[in-house]
Every structure is written in C-alpha cells, then in structure tokens.
Amino acid sequence: MLISENIHIGGTLIQSYKICSRQVWFEVHKIDQDQENDFIMMGRLIDRNSYQRDKKSIDFEGSKFDILRKEKGTLVVGEIKKSSHSIDAARLQLAHYLYELQKNGIEARGELLFPKEKKREEVLLSEELKTHLDQVYQEIIAISSLEAPPHAKKCKYCRNCAYNELCWS
Amino acid sequence: MGKTLYVLSSGELKRKENTIIIEGSEVRKFIPVETTDEMLIFGEVDLNKRFLEFCTANKVMLHFFNHYGYYQGTFYPREHMNSGAVILAQAKHCLDNCRRLLIAKKFVTGSIENMKKALQYYSRRGNIELDSIIEKLTVFSNYAKEQIGISELMGIEGNARDCYYTAFDLITGGGSFSMKKRSRRPPQNRINALISFLNSMCYVTTLAQIYKTHIDPRIGFLHETNFRRFSLNLDIAEIFKPIIVDRLIFSLLNKKEIQAKHFGAQSGGGIYLSEKGRPIVLKAWEERLNSTIEHPRLKRNVSYRSLIRMEAYKIEKHILHDEEYQPFAMRW
Ligand code: SF4
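As given, the protein sequences belong to chains A and B, one line each in that order. Residues in the first sequence are numbered from 12 upward in steps of one, following our numbering. Residues in the second sequence are numbered from 14 upward in steps of one, following our numbering.
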C-alpha cells in the first residue's frame, strides 16, 4: 500500500489509536472521514466559538495545538474537546504533544478543555506515560503496514464515528 | 446531506456573495450554497467562470441536460476525498482481468436479482404471465456467473435486460405506453423515452454519491473505462435501476400520473418527455430517492439516495481487500 517510509504520527492518529485501530489504518491511507458527518461539523463549530481569547491552532512539526499560552513562566498546551466521551484518547493525544515538545527541548504542561461541560483537566508527562507512548508508536506503525484495514468491530464509538457509513454499509 | 436542485426555468445562474441566484425574466430565486450538493439544469441558463469557481469551492456538482431532456455532461468539481491508496487499489482491480470480472459479475447478477424482485411484486399480485420471464432471468443470472470475458458478460446483461423489458407491457397494460422493444438514442416511443430519462437521472444521482466517497468514478469494471467519461456510476446504477427507476415507472403509469400528453416528438425523430411531463416525473423521482428503508447493518433508516452512496462504499471496501462486495438486494 501507499505509505511513505516514515509515517508521521500526529495527534489525531494517537487519538484514533485509542478508539479503533481501523480508524488508524484509514487515516494513514488518507481515507478521510465523511466531512458531512454531524459530529465533525459540530466539532468545527465548537472549535470556532470557544476560547476566542487564546491564540489558536498553532502548528508544531505537524501537530496542531488548539491553544498555547504562558502561565507563570511555563508553557501550557490546551486541547479543546467536544465531550469527555473519549477522555482517555484525549489524554494520550495531549501527552503525545507534550512528549514531542520535550524531544525538542521544550517543557510544557497540558490542559484538556471541555467547554460544553465546563470542565478542565491537567495532563503531566510522566515516565510511565512516555513508555506507554513509545509502545503506541510501534503499534501504530504495525497497523499502518497491514495490507488491508483491520476488520470492522462494533464498539461504543461506532455510533458517533465519521467512518460509520463506510464500515457498516 | 445537501439538497438536489432541479432548474427547469431559463435565465442566469450567478453568485451573489455566498448565495446562488437564479434570475429569470419573472423570477429571482436565492439558494444557499452550503446546503446544495448538486444542480440538475434543464433550462437554458447562462453562467460564467466565476460561478463555476464558486461551485468548485463549495463542491456543488452541475449536471446539464439539453432541450429534449437528454443528459449532456457534468461539471465535476475537483476531487476532495482523494486517497492515493484507494485509487491505486481501484486501478489494480480494473487492470487485473480476474479481479475485474469478479466485480463486474456482481453488478450483472445483482442487477438481474433486483429485476426479478421488481417482477415478483406483480407476480404475487396475480400477474402469473411474469413467472416465465422470472425463470428466464434466473437462467441468465447463472449464465453470467460462468462468463470469463467482460464483453460476453455485457452480452448476457443485454440479453437479460431485453427479456426483462418484455415484462413491461404485461405490467403496464401496454396501450399508449406499449414498449414492444427497447430503443435508445433516440427513444422511439413514450415508455422508452421515460426509461431513458429516468435512467439518466439514476446515472447522475449515482455520480453525485460516488463523489462523497474515495473511489474514482472514471474507473469502471463492467462498463469500459476510457477516462473521458464516467463509468463506475453506470456500473453501480445497474443495481438500482430496477428498484428505483422501473418501479417508479410502473407506479407513474398505473396511477396515470404520467399520460400520453406529457410527451412530444423530436424534430429529428424520436419521442421525448416534454417540459410539461418533466416536473411531474422529477418530483416523483426526488420523493422516491428520499424515501427510506431500514438498513440492516447501520440499524437506522436510510434513503435510497444514501443506499446508493453505501454501494459505493462497499466497492471501496472490496478493492481495499476489506470485505467482499455483495450487491444490494431488494428484500421484497
Ligand atoms: S465505525 Fe467503528 S469500526 Fe469503523 S472506524 Fe469507526 S469506530 Fe472503528
């Protein structure tokens, strides 16, 4: 299949990994999600309307941060999520950003924001998290090199997944 | 999902800020671009490059029809769901004779199965003359499975379709809509004109649905690919013509919603659905596409239009070696 030697592992891929490996395969193969899917549309709207004051969507080596700001001398990376439904995935995604920054000599802490639920959560990069992330990278590369996508398996994310129609047609 | 717009009147199609405007001598209509997927243009309209660029930016497809309602071509905005992996896989399945045949046969057998379903509906209602036609179709379907060449397969498809069309007079009662024989370019009588018109609706609808997936409509399996025109939409439409087009024709004629007066004669010979008949047929067509059935795997109601899109997704999965393609089969 068509994968360049080094797939770049961005934040969305990490998040997808937590949700469903089939999603990872689709994303690596540039099989985009259905753009008309209601959940994607809603995500975009929330993105646009919340936290207007902070500087938004900053690109860093292919990773996109929603919010980046300095607080008492430390860098804070903020990620906006539409719901805490897949909070585990969101945590790992943010940890991945922090890890990337660290590899470039920048120490930062993370914050998950759920504007609709008026909730926030702090994420700190621990050694444990880093080992876990290294494992995840290996597994993502393994999934990506599969000849065909992993079979669809019904899970609790399917209902709201933008690949829903593709998987269950 | 966006809407489909049928432009029957003449005038000018323009962009005004973020809105599409249709301006005729008497009417001025505003259409929000965000909620428009495709426009079927029957009237004599003028439009400029700026308008086409606007359509591209908003992924609005334009289908053009001539004075007689014959399909002329499509303005297909640039692909936005591109995946190199999918296109390569599709090309690979097209170039490999075995793989191509496998898919092409499914289109043919799937189509014949749905023709049988369309006839069985009337057979159950006492039209027993149809039974022998249904039997013959089964023979064609089995025969199709044994073919080892695309052109032979196409031949069988044609034979099956001819046999199937002999059922039309039995269902509609013939009369002023007697079919006798299928004729195209140009259609020689009213029912042939109606079939041609609605088949082209089915082709453009399928094209617009393929656009929402990652597969390329120029690479067909049953219909020859030559990159100058779309062919995969013709393939996929085979599955749906009996279910959507033909059933609609039977219903329009049996309820007498469409009558002889809705047709005209073309100057160079041939019969066509007139401007009076078109809105009636298009309204019924749109209603049919939007009607829903319960989808067994998605566990929710989906429209026939969505069902066509899902057929394209199934092809996508097949070529990705994910799941073997099984054509949609009408249950009743
Ligand atoms: S629909 Fe379900 S199986 Fe398919 S990609 Fe989404 S989560 Fe995975």
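Keep in mind the hints are simulated off the structure, nothing from the lab. Treat the hints loosely; a few may be bogus.
[As the list claims (entries may be wrong)] Simulated crosslink set (DSS-like; lysine-lysine; CA at most 27 Å straight-line):
{"no.": "1", "chain 1": "A", "residue 1": "K29", "chain 2": "B", "residue 2": "K269"}
{"no.": "2", "chain 1": "A", "residue 1": "K164", "chain 2": "B", "residue 2": "K330"}
{"no.": "3", "chain 1": "B", "residue 1": "K42", "chain 2": "B", "residue 2": "K296"}
{"no.": "4", "chain 1": "B", "residue 1": "K330", "chain 2": "A", "residue 2": "K167"}
Tested hints:
no., hint, in the structure
1, K29/A with K269/B, "57 Å, violated"
2, K164/A with K330/B, "14 Å, holds"
3, K42/B with K296/B, "19 Å, holds"
4, K330/B with K167/A, "22 Å, holds"
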